[in-house]
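Enquirer: Quick note, the sequences are listed as chains P and Y, same order. Going letter by letter, the first sequence gives residues 0 to 432 in numbering that gives the first Met the number 0. Going letter by letter, the second sequence gives residues 0 to 346 in numbering that gives the first Met the number 0.
Please note that a few of the clues may not be correct.
Pair by pair, the computed Cβ-Cβ distance ranges are [to be verified]:
#1 Glu149(Y) x Phe239(P): 44 to 50 angstroms
#2 Glu149(Y) x Tyr415(P): 44 to 50 angstroms
#3 Ala13(Y) x Ala311(P): 27 to 33 angstroms
#4 Pro269(P) x Thr15(Y): 53 to 59 angstroms
#5 Leu226(P) x Asp21(Y): 50 to 56 angstroms
Partial chain Y-side listing against chain P, Cβ under 8 angstroms, derived [what the hints assert, rightly or not]:
#6 Val68
#7 Ala70
#8 Arg101
The hints are simulated quantities; they were obtained by calculation from the structure and are not laboratory data. Glycine is no exception: its CB is placed at the ideal position from the N, C-alpha and C atoms.
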Amino acid sequence: MRQDRIGFLFITPAVFAVVVFYLVPVLMTAVIAFTDMSTATGIRGGDYVLTESSLRKLDDASLPADTVAQLAEGGFVVDADGLAGIEAQFGAALTTRIATALLDEKFDNRREIERALNDLRAPELRITRDRKAAAALFQRSVLNTRHDTPESLRAALSVADIPLADHDQIVQAAYTGWSWTTRNFELLVSLPSTLRYALNTLMYVSVTLVVFNIGLGLFLAISTFYLPERTSATFRAIWFMPRILPPVLYVLMWKWMMLDSGFIASVLAPLGVARINWMMETEVHAWVAVILINGVVGASFGMIIFASAIKAIPQTMLMAAEVDGASRWQQVRFIILPQMRWPILFVTAYQTLSLLASFEYILLSTGGGPGSATEVWAMAAFRTALNNYGGNLQYGMGATFALVLVLIGTALSLIYLRFFNFQALLSKPRIER
Amino acid sequence: MKLVLERFTKRFGATTVIDGLDLTVADGEMIALLGPSGCGKSTTLFAIAGLHRVDGGRILFGARDVADVSAQARNVGIVFQNYALYPHMSVAQNIGFPLRVRGESTTQIDRKVRSIAGLVRIDELLDRRPAQLSGGQQQRVALARALVREPDVLLLDEPLANLDAKLRMEMRSEIRRVQLETGITAILVTHDQVEAMSMCDRIALMKTGQIVQISSPAEMYDNPADRYVASFLGNPSIAFLAADAGEELRLAGGQSLGPAGRLAGQGPLELGVRPEHYGPGKGPQLQGKVVMMETHGREDLFEVDLDGGGRLRAILPAGSGVRTGASVDWGVAVERLFAFSPKGARL
Numbered sequence: 000m001r002q003d004r005i006g007f008l009f010i011t012p013a014v015f016a017v018v019v020f021y022l023v024p025v026l027m028t029a030v031i032a033f034t035d036m037s038t039a040t041g042i043r044g045g046d047y048v049l050t051e052s053s054l055r056k057l058d059d060a061s062l063p064a065d066t067v068a069q070l071a072e073g074g075f076v077v078d079a080d081g082l083a084g085i086e087a088q089f090g091a092a093l094t095t096r097i098a099t100a101l102l103d104e105k106f107d108n109r110r111e112i113e114r115a116l117n118d119l120r121a122p123e124l125r126i127t128r129d130r131k132a133a134a135a136l137f138q139r140s141v142l143n144t145r146h147d148t149p150e151s152l153r154a155a156l157s158v159a160d161i162p163l164a165d166h167d168q169i170v171q172a173a174y175t176g177w178s179w180t181t182r183n184f185e186l187l188v189s190l191p192s193t194l195r196y197a198l199n200t201l202m203y204v205s206v207t208l209v210v211f212n213i214g215l216g217l218f219l220a221i222s223t224f225y226l227p228e229r230t231s232a233t234f235r236a237i238w239f240m241p242r243i244l245p246p247v248l249y250v251l252m253w254k255w256m257m258l259d260s261g262f263i264a265s266v267l268a269p270l271g272v273a274r275i276n277w278m279m280e281t282e283v284h285a286w287v288a289v290i291l292i293n294g295v296v297g298a299s300f301g302m303i304i305f306a307s308a309i310k311a312i313p314q315t316m317l318m319a320a321e322v323d324g325a326s327r328w329q330q331v332r333f334i335i336l337p338q339m340r341w342p343i344l345f346v347t348a349y350q351t352l353s354l355l356a357s358f359e360y361i362l363l364s365t366g367g368g369p370g371s372a373t374e375v376w377a378m379a380a381f382r383t384a385l386n387n388y389g390g391n392l393q394y395g396m397g398a399t400f401a402l403v404l405v406l407i408g409t410a411l412s413l414i415y416l417r418f419f420n421f422q423a424l425l426s427k428p429r430i431e432r
Numbered sequence: 000m001k002l003v004l005e006r007f008t009k010r011f012g013a014t015t016v017i018d019g020l021d022l023t024v025a026d027g028e029m030i031a032l033l034g035p036s037g038c039g040k041s042t043t044l045f046a047i048a049g050l051h052r053v054d055g056g057r058i059l060f061g062a063r064d065v066a067d068v069s070a071q072a073r074n075v076g077i078v079f080q081n082y083a084l085y086p087h088m089s090v091a092q093n094i095g096f097p098l099r100v101r102g103e104s105t106t107q108i109d110r111k112v113r114s115i116a117g118l119v120r121i122d123e124l125l126d127r128r129p130a131q132l133s134g135g136q137q138q139r140v141a142l143a144r145a146l147v148r149e150p151d152v153l154l155l156d157e158p159l160a161n162l163d164a165k166l167r168m169e170m171r172s173e174i175r176r177v178q179l180e181t182g183i184t185a186i187l188v189t190h191d192q193v194e195a196m197s198m199c200d201r202i203a204l205m206k207t208g209q210i211v212q213i214s215s216p217a218e219m220y221d222n223p224a225d226r227y228v229a230s231f232l233g234n235p236s237i238a239f240l241a242a243d244a245g246e247e248l249r250l251a252g253g254q255s256l257g258p259a260g261r262l263a264g265q266g267p268l269e270l271g272v273r274p275e276h277y278g279p280g281k282g283p284q285l286q287g288k289v290v291m292m293e294t295h296g297r298e299d300l301f302e303v304d305l306d307g308g309g310r311l312r313a314i315l316p317a318g319s320g321v322r323t324g325a326s327v328d329w330g331v332a333v334e335r336l337f338a339f340s341p342k343g344a345r346l
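Chain Y with its partners taken away, still in its complex shape (with noise of 0.2 angstroms):
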């Protein structure tokens, strides 16, 4: 089901946390509220599940829309970091629960329940109690818990951020999966780019209350609206560079790039440089020592401090034998770099 969002807005007492939101989740599709802690996107996914009232705007399941509709009669489908299994229930229980206060019957309820935990696998758990679960488990039984009614939209906050690195790239998969499967309109919560990434088809990536840009993974990687887009997405993490563009793109710290080309005459700027487009022969060259090497096994991290100020990273594969406190003139790959105005905005 369509979701919509218009002019959404909402307040805690005399703050205004989020002021005139648009956001439009097509059918099918699962979009990943990205954002640091308090930049609101908890907030915009308990006002869509109804658990907060809505100060302004319309929220719309469809054509239908269900601002001022209480939480039980909308119809949606939420997981919780924590999961919230009710402790003193079975599986079986936990996840017949919304059909049960629906007051459906019990055989029609453990024909749902059974068919939901064959999508999640969870089948031979049904008996057990949540204690009685591994973490992962425990996320199986509260996702089957929100699909076994057939919600309109799923909500998933921060479902996987108490689970260990191993068992979240797992989940990350399977939640992907069952929403496949399911077809089933779906929004995520998360301030991890990794997951935003891996797992949705969009991002809305926000700040204090804002959407700073909505698009693919991708397309939001690649092409950031600004430089806290750039600074958001990727890992390691781009590096920035203070620059002055006249005719030559020349370093705060005085190297040359080169010719500024469509910057030319830009004045003060700052150049955004991803990791793995700096490298031995990548363009124009850069004096610099490289400070810090981290070996990821497959792949080595470098800081490099450049003669003259400003540090870049850069991501090679392994075996590269440089160490620390070698000189390096690596260069930078110019035509992928991100250039940003002082005021952050892309230039």
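So that you can see chain P by itself, here it is in the shape it has in the complex (with noise of 0.2 angstroms):
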């Protein structure tokens, strides 16, 4: 074999599994954001069936109001299956006579039929509440009937003499599945928790990144260099300690900390310090939370990538500086950080994209609230297509949040590859050390 099909044959397992986990969904997500899938819309085809609602609908959607009236009431007809109803409940010579007089007659309304009925002046129909069960077993209507296919249910409709006009609305009104749209996506513009989510999502990004995954860790990372190496690594150990925790445990502590009963409250108390709930009081106080507790775990990321990058300078080059004259500070300055460009270009591509798609620690903390002042973006999509109190989870919608975070985060690291600027990274470094 060649060698490059055997190079291809070592990559087939990450080919499949991009395609399979990566590729797949994405194309799906895409798919489906535009339509109008829900729980009520199912996922496979649908039925037509006239219900109450959907005639509101209709009524809403200025199908004449006679037509309306019609579907609602429904007609009434004399016919065979009526008949056996009468022969069931009263007995074979009202079936009769009934048959006799009216077989075949058609009437509006109720009061039509009850009046033909009276004017029978049967023994069995004397009471009136009798009258009005027997009224009722010929009332032909299209509500509530379950049509595997528009054709059905269109029939019904002429039977139910309906304006042939009005068929296709009423039927494009009756259909119980999912169908193609890009109403998502407009709703998505006009909705102004749109951008309430897109704020938020920035907010939550920028600070988070910024203060703590770059800030923190390089803080943290610089200043343990100058420790010596077992204090330094013990710090960092310690650092690292709530990312190996469950996500679950580590809010938790942080709740045990900040609620109303928590920590924190229990030691201000004494100090006249009302007791509130320190992670839900106000926005800010949920704000703090949320990029507290995100950055903490974030800084640590930072931390070993800026602490090994540190190490990799050489020795004799900070010798130098400090033989130089330069301070600490100064060789910080000028010597170790124009030095971290790469790894401080890496930590912020890979961390703007994980804290885009994640939300855990904020469902777990604060869960978007107070209100949605801490919803970001990717929970908004979570909670729109699979978690949401309403019960009826929008897939569409849902997969078009997914679908404008799958674009912004491509978009996103294709601006940051040209950053990397890959050639020169692959390249080899000319300087001997």
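Please dock the two separately framed chains into a single complex, following the hints provided.
Expert: Here you go:
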């Protein structure tokens, strides 16, 4: 086998994984984003049923009022089915009597058929209640009957004498399955909550990234670099612990600290500070909590990357700087930081993408609240599509949220790749060390 | 500036690496700290630079004791084996760095950088990055950076070790030229005796944290203090023969070098014979057989196994016609012999 073919063979599992676990889900998301799939529609096709609620919708959608009333009321037809019902309930005598007098008669409403039945002067129908029951047996409504095909529904509409011009609209309203639509995107643009989620996400990603993942990460890496090796290793290990803790447990500890019965409140109570929920009291509290919870975990990633990058700087370079008269701060400013460019870019790229997609700590801590103050984009997608209180999961809308996130993430990746300048990264360093 | 180390002591943990070392370097002198790796020469250099804390003794720059002064405040220049240039700065920025951290004005930095770049002959490279320079050019930049702030002492830590043979020769004389032109006091750390001998006014030969001998290169070569010094200098290196001095100077292998002279009655000892002092007609003849011959172009190097035991090296002008396997009766210049006691002391 030729060598390049072996190469392909080696990357096959990776290609398979990328296709199955990345490309297919993304494509599915893109497809579903253009549908109105929800719990109500199901994810397969649907049936055709006219219900009270679809009638209301039709009324709103300016179907002629007559037609709506006709659909709601339905007509009355004296037919074999109805007669069979009479026979079962009132006996053969009445059946024969009705059949002789009224067979195949049609009535527009309940009052007319009741009057016709009364005119028969039948002893079985002397009581009004019985007359109403008998009339109901002849009601032929299109409501609440399930049809597998639109043709079947159209046939029923014809039977019920619904004007042909209105059929299309009615069939459409009766459809219970999902259909293709671009409404999700229109909705996304028009809803004020969209802007809120976008701004929340921007705030969440940028502050966590700049202050903690990069800022604190760099600070920890540089400060531990000047400590004795043992001390710094211990210190870094401690900072790393939240990352290996299960998120539920980690957030639980934050809650234990911040809730109104928690540590902070209990410590401050004797000082006369009112017991408040430090995590949820105001939007500011919630934001501080969300960013701290994410930042403390996030900083350790940058810390590890930066610390190893600093260690890769030849010792003699720092010695030279020291002899050149550079103070510690000047060494950091002029020697260490400029050489941190690639690691900083890498951590920025990597953490932007993971922050964009992550919301588990928010979900577990503030749950997006108070209100939707800390609800970020990815969490909105999750809630819309997979977990909301209404119970009607809007897969289509959720997929639209997710698709936008995928597009932003891909665009950012491409921008970062340009920044990274892969050519430069792959070329051999020419400086001798 | 005159530099004095007084009872300088350095420990790493419980290990004392250097114990009470004394060294005086005169103003404008260039001295080599020569020795095998691990002998403490770099440690001494780093202590002078202020990169290592001093555990005892004094380090005097002129009259000022700098033992407790930080590296930043010492005003020394240092060149490392790997040059330690800052890869993200241009050559000009590299050279100007010591001035920049001192807060000097841009125009002043620019003027000084240009003048020092002229001295080390890299004027046309000022805009390049270190990665775009050859090893020799990087070396010059490092030298310029060390010199730009007119340090009290120039410290060179194996500066030529990363260069190829040809560049090493060139840079050897270049560094010496710059040192002489600036008149700066300089200390060169090296394990290469050729470097030490060719570049420096004096050599301090070190062994396990001690200076064994300190003298001019010629003096050290011609008059080594002990067997260690004799063996360290010279290439091809000196050959040693076990011998016994009674009336006669007799080799362990049985052959005689004639009357023992001043060594008479010393008993067992070791003789050191440099290759240039052994050859046809140089003195009392010894029987032997050529076991190895190398041609070095202008001269040939021989190794001769003496009858009865012992091996000598000889270096002769090319074209002697002697081949491997030939029997020879070359002589030893007895008056140039070094004699050492069994413990290695010079007799």
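Enquirer: Which of the numbered hints are not met once you compare them with the structure shown?
Expert: Structure breaks hints 5, 6.
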